[in-house]
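With the hints in hand, could you dock these two chains into one complex?
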Amino acid sequence: MDLRKAFSRGDHLVWLTGSALGISLLMILGLLLVILTNGLGIFWPSPIEQVTLDDGSIVAGEPMQRQPIPNPGQPDHLQKHRVQLKVGNRDLYGFDFKWMDEAAIAKRERPSGIYLVERSEYGPLIGTPVRVLEGEKEVASGADAAAALAGLVDKAVRDRREVRAIEKDEIGAVNYDIERIRLQRRKLDYREKQGGAGDLSASRRKLDERETALKARYAELEEKLAKRMEGAGSSRVVFRTVDGQVKELRAFDMYRAYPANDLSWLGRARVYASRLWGFLADEPREANTEGGIFPAIFGTVMMVFLMSLAVVPLGVLAALYLREYAKQGLLVRTVRIAVNNLAGVPSIVFGVFGLGFFVYFVGGGIDRIFFPEALPTPTYGTGGILWASMTLALLTVPVVIVAAEEALAAVPRSMREASLAMGATKFQTILRVVLPAAAPGILTGLILAMARAAGEVAPLMLTGVVKLAPELPLDGFFPFFHLDRKFMHLGFHIYDVGFQSPNVEAAKPMVYTTTVFLLVIVVMLNMTAITVRNYLREKYKTSAF
Amino acid sequence: MLMADHDMRTTAPDSGLRIKTEVKAPAPAPAVARDSEPDIICRSVNLAYGDNHTLHDITMDIDDRRVTALIGPSGCGKSTLLRCFNRMNDLIDNVRIWGEIRVKSVDINAPATDVIEVRRRVGMVFQKSNPFPKSIYENVIYGLRIAGINDKTTLDEACERSLKGAALWDEVKDRLDESGLSLSGGQMQRLCIARAIAVEPEIVLMDEPCSALDPIATLKIEELIFQLKERYTIVIVTHNLQQAARVSDKTAFFWLGRLVEYGPTAEMFTAPKDKLTEDYITGRFG
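Residue numbers (the working numbering), protein chains in the order written: chain A, 1 to 545; chain B, 546 to 831.
Please keep in mind that the hints were generated in silico from the structure rather than gathered at the bench.
Yeah, the Cβ is synthetic: ideal placement off N, Cα and C, and Gly gets one too.
One or more hints might be untrue.
As the list claims (entries may be wrong) - Result set (DSS-like, lysine-lysine): computed pairs, CA atoms no more than 25 Å apart in a straight line:
hint: 1; chain 1: A; residue 1: Lys-168; chain 2: A; residue 2: Lys-467
hint: 2; chain 1: B; residue 1: Lys-673; chain 2: A; residue 2: Lys-426
hint: 3; chain 1: A; residue 1: Lys-107; chain 2: A; residue 2: Lys-86
hint: 4; chain 1: A; residue 1: Lys-168; chain 2: A; residue 2: Lys-193
hint: 5; chain 1: B; residue 1: Lys-709; chain 2: B; residue 2: Lys-673
hint: 6; chain 1: B; residue 1: Lys-818; chain 2: A; residue 2: Lys-539
hint: 7; chain 1: A; residue 1: Lys-539; chain 2: A; residue 2: Lys-98
hint: 8; chain 1: A; residue 1: Lys-137; chain 2: A; residue 2: Lys-227
hint: 9; chain 1: A; residue 1: Lys-155; chain 2: A; residue 2: Lys-227
hint: 10; chain 1: A; residue 1: Lys-206; chain 2: A; residue 2: Lys-137
hint: 11; chain 1: A; residue 1: Lys-539; chain 2: B; residue 2: Lys-765
hint: 12; chain 1: A; residue 1: Lys-539; chain 2: B; residue 2: Lys-820
Claimed, not checked - Here are some chain A residues the structure puts well away from chain B; computed CB gaps all over 10 Å:
hint: 13; residue: Ala-143
hint: 14; residue: Val-352
hint: 15; residue: Ala-421
hint: 16; residue: Tyr-512
Unchecked claim - The following label-pair restraints were derived from C-beta to C-beta distances:
hint: 17; chain 1: B; residue 1: Arg-641; chain 2: A; residue 2: Arg-333; range: 24 to 30 Å
hint: 18; chain 1: B; residue 1: Glu-662; chain 2: A; residue 2: Pro-412; range: 46 to 52 Å
hint: 19; chain 1: B; residue 1: Asp-606; chain 2: A; residue 2: Ala-343; range: 54 to 60 Å
hint: 20; chain 1: B; residue 1: Glu-662; chain 2: A; residue 2: Ala-343; range: 58 to 64 Å
hint: 21; chain 1: A; residue 1: Ala-343; chain 2: B; residue 2: Asp-596; range: 22 to 28 Å
hint: 22; chain 1: A; residue 1: Pro-412; chain 2: B; residue 2: His-784; range: 17 to 23 Å
hint: 23; chain 1: B; residue 1: Asn-695; chain 2: A; residue 2: Phe-361; range: 23 to 29 Å
hint: 24; chain 1: B; residue 1: Leu-764; chain 2: A; residue 2: Trp-15; range: 26 to 32 Å
hint: 25; chain 1: B; residue 1: Ala-816; chain 2: A; residue 2: Arg-333; range: 56 to 62 Å
hint: 26; chain 1: B; residue 1: Asn-695; chain 2: A; residue 2: Arg-333; range: 53 to 59 Å
Chain B with its partners taken away, still in its complex shape (with noise of 0.2 Å):
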């Protein structure tokens, strides 16, 4: 409805911007096979809190081990949908979701479906990093203990292994009794993401996960989220479009609480469909 007033442009819009996304276009898809059938699908997913009508018939798929950036002004519901993946919403009183969320094929707003499971299988990275005020170690483990896993060696194997897909090994390995809020803001993010993967997910979402960071440990950042498409999906959401265009093989562009526009990230920023697009990548509002 919103979108049928705009012409689909096909030419590209000259920007400066554009041009610099171009420079770093996302890697090539790693050679594991993937599947077919796409990790997450939505269908006209709504959502409302209260009254307040947020999310309106979102319709998506979203790859497996792909990285899919939303992207969108604030207040655009991207951060909500990203939410809706692992149902964190769950936890805000009065939101009411309606329309069809599967994960791994598995409904999961169904009410047989097991809502812990749900946020085992999807991992979390926030947008403020929220290490516990507990030692690395501990934080990192988190995941395994609450499962009730205590056998050391496990714990200690999850540990080192998931610090090393964090890329977080080789600072922090001498002082894993450290407090987990010790370290660097980057570090502390990479800590977050340690903690998610601990557990093996199969999805993992970033709710701006470098938005608190400088450009050094932004960048180291991006670096780990290219390693970690390669087992993990993930869906990262964001305000820096650079960033966007450098990491995600596709990109969902939100307005006003609507999926505008959704296709491979090149074509997106090269050659948009929608003029609300153009004019958000182009910085022309947002």
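Only chain A is shown next, with the shape it has when bound in the complex (with noise of 0.2 Å):
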């Protein structure tokens, strides 16, 4: 009897619409916490366990992991345990992991003085610093080696940062000149040979002359650079490793170095720091599975702004199109179906469009009409962020149709009237008066835009998206946006070196920690936008009731 007044009540839709937001939540916040834990932990310094096993050798490493042993039909199934280590040094061992039976292991301790090095190369070096070489003689041994490392790593990163401006700056100004005057040098060739040019032997003289400079100045930065390499070059470091081999290390090739097992809190802390900023800032290496993300950061905020450039006039104008000047009808309802449905249509095949017609067609278009001179090699008819952006704006252009037109909807016929009474065209009352009571509207359009956009990855694959960009799409150098080149984001990142890399084990905690940022990216664009609705909301609020 209760339970049937119970069930007429509705107490069970109750329970059942409660437990499924619940089940909801949970799944949002267990991925949260999986990505985050997984994400963030890895750049907290692990203590380095020295290993002795039963026949003697030594192995040392990070644990990562244990495992209890399958023996399928034998009474130890799952009884015995096994533990992984990262053991580093690459290349001495030729692999990053160790398993070991806990069987086989005599001993385990953690010994002081170990230290954990990142390189540029074959991954970390974990070892005992021995000596310091200057050229072919030694300043420091055993505790003063140690002692002397940090200075050495300190001074690393100086140089190579020094280095790196030489590389990409200067020298990489003087190549960026050099390829244009191959470039106009071709443009002449290709004004020859269309005929009717006149004589173009003083330009090409005068190209020549520039050339020479730039050759002159390209050799004396080579020697500059040079003369740099050597000031930063002599200093080695030699290790040695628990199992007693010997690696010599250049200082340059240092990145960071700390003792793992003689760390105090806070100097954890400090290592964790400064190894999220360098994921932050630096730029990755070694294909991807160390060093940073701050390309494929650049890459995928520069994206989202060119969509939204491109996304914002084009679903307005037509969403004003559709609510204000067609003639409501058959023809408009079906428009405004077809607006709909493209919304449902599978991102691959906006990366097929893209790149048939932005990349072959249109950008095709502009090589052959703009830049003929450079043909074979494609300018523009290749994949680059332009494309890949207005790829995307194609994709979400729906979206930001709908809610444009929504918020077109919503400003009350009153307002229109009072603009209209007063002698405004058409024109003038939809600029002043309805479109900035319908921009929030339009801005929610446009976060839902962003939020779609930012976590598509599918199209950008065909269109511009690359492992490795060599160069940012927007630098020092005229016409500092560079919207041909290709670039690097968060998404394709996390494919990449979650499944593409030659090291996917060791690369796995990366893939976590991009994860992690492309979520705070995709938060970060919405919050901005959020920020500017309400701000917009609160100065067009249409009632004051």
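See below:
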């Protein structure tokens, strides 16, 4: 009786709906928890364990995981365990990780004095610094060598920054100019071939002169670089690994070094902060498995901005026509349905369209008209950040159109009438009254569009995203925005590091961490847009009641 | 046709309402010389929404710098007629208007007539106050802005003059940059009046301007109408008969899309010529 009463009251529905919400929330929380713990824990320096096995061999590394050993049918099935150490020193051992049966381990300890060194190649080095060499001369040994390590790393960081500045900024600028001269020369060739260009030898001579000057400057810079490298370069550190092997490492190649077992809590926090910052601000190294993700963050944000720049005008204008000018009827209804359906088209389809239309047709056309001298090397006729943004703009434009249409429809009729009765034209009314009042709703559409675009990967793979872009699409060389350049993207970076990298196991933490930052970027972009929207909403509140 | 059945009574009906309205008889006309020619001339104006014929052969003249009230029950076409005077009915699809409407001797429905110019010369105040979500200042000078006037001093002067004209200046002069929506209901309606008169129209149409306001705010608007009629011709649609009696010089009574009676307000409320008018103003229907 009571049960039936409860049933008719709808208690079961409350429970049903409540648990559905609960399950959804739990899954979202679980997702965040998994990503955050896996992604942010990785920078915390773990201690280095030195393991002596029964056969007398010694291994050292960061303990990674412990697993029961399956032995189906036997009494010890899943009773015994094995442990995994990240031993590093890939150049010496040929592998990064080592599994050991716990039964075969004679001794486990965490000796002081072992260093973990992050370096430019072969993953981390784990060992004890024994000597510091300057040229062929030994300048420190034993404890002194360890003490000298921090200074050497700092110097290496400074040296690398300077060398990079010479390479990238100065030599880069010269290379850029030389490339432009090459293109200008090809342009002259091209014009000559077309005929009727008159005497071009004066222009040619000018180009030759400039090139000679640039080449001289290039040689100068090369020399400067060599000198700088010499100043940076002769110090080396000799490490001894736990199993007695010796490795000599150029100080210039060291990125970070810390005594893993001797760190205080504060010291660990400092290593953590420095690694986190390095991850955000550095470029990737070692096929993206080490170093940072800065170019990918930059590429993602810039692509979303370019997409917004394209999608807002396009979507708003289309919505304006649909809502304000078009004669409402069967045709407009059909268009509206088509627009809504467009939002459901799989993104890879847009990718294929972007490749065919933007890259080959539009880009190829631009190349034929504006850059014929560079052909067959494509300038715009290949994937690039512009085409990727345009493709995403097309992908998200239905969202913006729908949101903008709703926002326009929500502007009170009385407000339009007020404006029209003042003698405003329809255009003035739209521009001065309707659009400002609809702006918050339009921004809601943009927020949805940005959230979708920032996470989209498939269409980008066809239209301009790459594993490693040597240059950012925005830099100090005229014309500053290089929209034809390929770019890196966090979403693709996750895919690439996780599944395409030569050392998947070592790169796994990077996948989680990159995911964290993709989420952070999306949230930050959305927050910015939401803040703007709330400000506009306050400003253009349409009713006081 | 409709009126033909009614006997033309000349005696005033004995009603409390009438007595009340008599107390507040309209003020004497201002001393300013008025045009002898009417401001708005309607000759056999008809209007239909699709098949729905809502205005039938309206013929009336609206005097210069007078307040003319349009009264009648809901759906009688008074607002529709009002909206004909500045061609706001253009905004509705399927509207057909025939007959002649001359505003200041311009045939406003002629193909050559610029609707923008008509609306600039014929301002309008709506039933629900509808300030833009902009500052008070920007609200008032909206009409000048869209006319392309951007000179700061001109705009400032127009703003002050219009707000003073709408009896709002003293209340808002220190907060011109606040949103127009931060004002009270009555202030918002006066802001809309200020906005309408900022472009110096010749005629101001008011579509039930006080229907959403409390009695005090209503009183202020009515006082304002008295002041405004010295400079502007005012046509006001109202459901409030006392208001019509208080503010208007002439009253037109509409019923089912027809003009039943049109004459000086005092006469209309004391000695209606038509039975329908009498029934309406004595509250027997409507």
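Okay, the hints, checked on the actual structure:
1. At roughly 20 Å between alpha-carbon atoms, A/Lys-168 and A/Lys-467 fall within 25 Å of each other, so this suggested pair holds.
2. A C-alpha spacing of about 21 Å is found between B/Lys-673 and A/Lys-426, which places the hinted pair at or below 25 Å, so the restraint holds.
3. Of the pairs offered as hints, the one joining A/Lys-107 and A/Lys-86 holds, with about 17 Å between alpha carbons and a cut-off of 25 Å not exceeded.
4. A C-alpha spacing of about 36 Å is found between A/Lys-168 and A/Lys-193, which places the hinted pair above 25 Å, so the restraint is violated.
5. Of the pairs offered as hints, the one joining B/Lys-709 and B/Lys-673 holds, with about 22 Å between alpha carbons and a cut-off of 25 Å not exceeded.
6. At roughly 53 Å between alpha-carbon atoms, B/Lys-818 and A/Lys-539 are farther apart than 25 Å, so this suggested pair is violated.
7. Note on A/Lys-539 and A/Lys-98: the hinted pairing is violated, with a Cα-Cα distance of about 62 Å set against a maximum of 25 Å.
8. With a C-alpha separation of about 20 Å, the suggested pair A/Lys-137 and A/Lys-227 falls inside the 25 Å cut-off, and the hint holds.
9. Restraint check for A/Lys-155 and A/Lys-227: satisfied, since their Cα atoms lie roughly 16 Å apart, inside the 25 Å limit.
10. Using a Cα cut-off of 25 Å, the hinted pair A/Lys-206 and A/Lys-137 is violated, with the two alpha carbons roughly 52 Å apart.
11. A distance of roughly 29 Å separates the Cα atoms of A/Lys-539 and B/Lys-765; the hinted pair therefore is violated under the 25 Å criterion.
12. Taken as a hint, the A/Lys-539 and B/Lys-820 pair is broken in the structure, with Cα atoms around 53 Å apart against an allowance of 25 Å.
13. For A/Ala-143, the condition that its CB be more than 10 Å from all CB atoms of chain B holds, with the nearest at approximately 71 Å.
14. With a cut of 10 Å on Cβ distances, A/Val-352 stays outside the contact zone with chain B, its closest approach being about 42 Å.
15. With a closest Cβ-Cβ approach of about 4 Å to chain B, A/Ala-421 is found to fall inside the 10 Å limit, against its non-interface label.
16. Under the 10 Å C-beta cut-off, the non-interface status given to A/Tyr-512 relative to chain B holds; the minimum distance is some 46 Å.
17. In this structure the hint that B/Arg-641 and A/Arg-333 lie 24 to 30 Å apart at CB holds, the actual value being about 26 Å.
18. Separation of B/Glu-662 from A/Pro-412 is about 26 Å and departs from the stated range, judged on CB atoms against 46 to 52 Å.
19. With their beta carbons about 58 Å apart, B/Asp-606 and A/Ala-343 fall inside the hinted range of 54 to 60 Å.
20. Take B/Glu-662 and A/Ala-343: their Cβ atoms lie about 44 Å apart, and the range 58 to 64 Å is violated.
21. Under the hint 22 to 28 Å, the C-beta atoms of A/Ala-343 and B/Asp-596, about 40 Å apart, miss the expected range.
22. Here the CB-CB span from A/Pro-412 to B/His-784 is close to 22 Å, well matched to the stated 17 to 23 Å.
23. Here the CB-CB span from B/Asn-695 to A/Phe-361 is close to 44 Å, at odds with the stated 23 to 29 Å.
24. In this structure, B/Leu-764 and A/Trp-15 break the distance hint of 26 to 32 Å, their C-beta atoms being roughly 59 Å apart.
25. Under the hint 56 to 62 Å, the C-beta atoms of B/Ala-816 and A/Arg-333, about 57 Å apart, fit the expected range.
26. Hint check: B/Asn-695 to A/Arg-333, Cβ distance near 42 Å, so the stated range 53 to 59 Å is violated.
Of the numbered hints given earlier, the model fails hints 4, 6, 7, 10, 11, 12, 15, 18, 20, 21, 23, 24, 26; all others are met.
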